[in-house]
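> In case you want the letters, here they are:
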Amino acid sequence: MKKLRDRAAELLSQGVVSLVIGYEEGTKRPRPLFCRNSESAEKLIFDSRCFHNLAVYITKKELVGKERFAVTAPISTLRSIMQLYVENQLSEEKLLVLTVDLSGELREFTTFDEIAAYVAQFELKRGEREQGILSKIEAMDRAERWKFWMEEMSHCFKCYACRSACPLCYCSKCVVEVNRPQWINPWPAPLANMEWHINRAMHMVGRCTACGACGDACPVGIPIDLITRKMMEDMAPEFGYVPGQPAKQGNALSSWKLDDREQFIR
Amino acid sequence: MSSNTDFEPKIIAFVCNWCTYAGADLTGTSRLKYATNVKIVRFPCTGRIDFLLLLKSFAQGADGVIVSGCHPNDCHYTSGNFHARRRWIAFRSVLDLMGVDIRRIQYSWVSAAEGSKWADLVNNTVADIRALGPYAEYQKVADYLEKEGYNEEA
Amino acid sequence: MSKIGVFICHCGENISATVDVERVAREIGGMEGVAHAIDYKYMCSDPGQTFIKEAVKKYDLDGVVVGACSPRMHEPTFRRACAEAGLNPYLCEMANLREHCSWVHEKSEETTEKAIDLVKMLVEKVKKNKPLDSIKVPVTKRALVIGGGIAGIQASLDIANTGHKVILIERDPSIGGHMSQLSETFPTLDCSQCILTPRMVEVAQHPNIKLYTYAELESLEGFIGNFKAKIRLKAKSVNYATCTGCGACIQKCPVKKIPSEFNAGLGTRTAIYVPFPQAVPNKPVIDRVNCNYYKRGACKICEKTCQVGSIEWDKEDEIITEEVGAVVLATGFDVKGTDFFPEYGYGQYKDVLTGLQFERLASASGPTFGEIRRPSDGAIPKKIVFIACAGSRDPAKGIPYCSKICCMYTAKHAMLYQHKVHDGESTVFYMDIRAGGKNYEEFVRRAIEEDTVNYVRGRVARVYEKNGKLIVKGVDTLLGGEQVEIEADMVVLATAGVASCGSELLAQKLHVSYDPYHFFAEAHPKLKPVETNTAGIFLAGACQAPKDIPETVGMASGAAVKVAALFSNDELVREPVVAVVNRLAPPLYSTCVGCFMCETACPYNAIEHEEIKGRDGSLIRTIARVNQGLCQGCGTCVAFCRSKSIDIQGYTNEQVYAEVMSLLND
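Residue numbers (our numbering), protein chains in the order written: chain A, 23 to 288; chain B, 3 to 156; chain C, 343 to 1008.
To be clear, the hints were calculated from the coordinates, so they are not data collected in a lab. Any given hint might turn out to be false.
As the list claims (entries may be wrong) - Cβ-to-Cβ under 8 Å is the rule here; a few derived chain C residues that face chain A:
| no. | residue |
| --- | --- |
| 1 | Thr482 |
| 2 | Val935 |
| 3 | Met939 |
| 4 | Ser985 |
Please read these numbers as outputs of a predicted model, since none were measured by experiment. Here a beta-carbon is modelled for each residue, glycine too, at the ideal position from N, C-alpha and C.
Work out the full structure, taking the sequences as your base and the hints as a guide.
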């Protein structure tokens, strides 16, 4: 961590970057930190408790400004950064990525390929929590699943924290804010909530890297990150992408193969 | 509640102009008969069909939906149906995870020459949906503003 | 509040027999936003259309819905009527009450209610319709034809004869293509060069055609009517402005043993060369790879011989830019070499030839002056075996398709051989005989019956050399699979026709689709054989699929007509059913965030990047813009856009949403 602080301070004082986004100790747990000078870099921390997906700040132009900036990125953030590159939201000249690998070494990346090579070592696997809930859902039949999700959806009150926390939800005007026509009913009722989450899952096809930020952000603890995670897992073999390893081949939905499955089509 | 013989399903069909719409025209020209439950909405291509429209259909009272376009490789716009196919694969998977009854969405390829296939498709889909009964489970939660919430027993 | 006019047609009795049309008109007439609703026997007739036009004026209608037959039938009719009455034609829609209702249901309450629902749906849609104007794109009336074989030549002549300018580029030193290599053509046995060379000369002399040989396309930018082509003029090392074509340099060139491409490797040529005597232009180029001067700085004999000083040693490739409005692809095909066949010798047996090599032997201007002689020892072969379908129709070799012309040219080759070597014996091993063209079947019959060519139905498993002969081991399936072994003096393989070298790269440069075999893809296999999915780029000849000369010439003329049609107006007028990315006032500029998923999805490359710049010139962001000249209106991009920033005129989100919502609100 000292190496990280020193390097961040160095980058800022030399003017290589105008901003380092990292983590600091919050009152209860680590939280994001925005260092604009080398003194504030002293507060940087980086350990396994740092879970917020910092990539969410990358597309906020008023925050990062026009000059080069750096991000200290754990694995989940790295995956999101790769996806942002693939989607034209980020260019290699603008971002410098710092991370600390498993042996404690400070690593620095400037190109997509460097990040991809590093991330390729880490397989995206379900944790205990994910496996627990998902295996329960997978064992249910259709009617039981509907009941389960309707019960969960009854808690949602459309705070859209999930949308705010997701680094890939960077649309300046979200589809829920389109009212001509009103595609998704804005009020917090079970079906309107269900429509929102189905929409979110569909917008994440081929893009989600299962960082879990949405599930973490939900103030009422609905496991919405499992919807997108399960969809990501199921679609990977169908559409030929490796979960958690964004590649420059184009979005899964806007490309196609001649032999895409179609047994369900009459 | 089991489906009764008085129940007439309401089904919307989302079709592409160049193949299925023309195929349905051929059904008409051939004077083949099919059930009245299906109403057709015309799109330039299946690629244009937004999945949100299907959700809206169920919310508004449809018991079933048909989505139909050109066979792979025959799309008037080359690849619209390929994109649509991918979208449907993903959509079915998401809906199934959430417990939406995907048996109520019938996807198909009907070309401009397949007038009889369209008639069969409509009749078979109407029969299938009639057997499944009205999509009460979905419509109940859709009528939020008029009725109570989701956990009433059917 | 809308003022929509609704017109329900009886269509004689076609609709009124099963649908209560008066009730439909009455109930729709009571809908909010409907100012006028009638029913009438024949809406498409003159009086029917007059009703519409009068109503538009009398009730000041801002929308029209006609409940009648399929819009695929009469939408243009009613839209024209509205336009004549002063109402924008895109404010008129049709409800399909005949093909989709009255003709497919029995007379019943449900049928009439369905008709009412269908009309209601279109009324709700029309409330959201916006007036649209046709899109106009300017057109540069000059065509670029890539490829100077018979396809390119025919297309160039046809376009030039309509009065438009053509630029024809050919990568070889002469135009003519494979047709110039043929000795005689089937089914007439016309001398190929005799019928081709007059056309070649016409191309060279036509005032409307600018010919660039030894030239290749470097890049193509732009879109239909407005292309910018960069063409690389390869350095010929000879100044064509001063060269007289006397040929003295060629005679004196000391490098004489380069395998001749024109003779399919059977003959030789010099380093400074004209590919064949009838070449157009009939001036040489220097092959820099093999020329002694370029290799080691020695020689320069041609320069000393040249009486007008036309040799230019230091000339470099030149890149020129031409503005054109349409492109015709006529890059032709190649054939597989004998080295493709391990079972027939891997190309090592000198007397195993391809069909094209046999053509050169048979040709009077070929390496043997028209005598059929074995390349190995110059002897006249007494027994020739022709193997049809060598490589074609063979999924195991990666070529599952039929090369179309081989059955015919194999029969031709066998006939030519029999005519030249009266006591020769020729055998053709075939799978099927495909002779579908005019006089083709009779031609093959002639080979079998008059010229005594022996046709054996079966394949050849192996050819190997033994004591100077080629042992051909085949089978005769019509005799129950009896093994056939022939000691042949020469074997001719009708090798598969494949896309010409460099097709894939060219297709990628032009954004033209191609199939797994690198043949260019036509826009529709039945109805649009000469167009591609890239607007403004057309196809002619074997670059699309193997084909014979009459088909090639027909297709080339077809492509020329498409180009002429494009050039017949100063502006290209297109239906306005195209996509549009929204634009807002600064600082938003658009809700588009520039993810360009739409660009990946568009089959027509119609999405462009637009840079939004601040007043100081700095880049704010890059967003999507639709090129209205290219967009074909499929709407796939619209369904993809997560932020709903792109919409398609004529099927907007509001329109389709209104349709769906109206259908289910009882």
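> Would you pick out the hints that fail for this structure and give their numbers low to high?
Violated: hint 1 alone.
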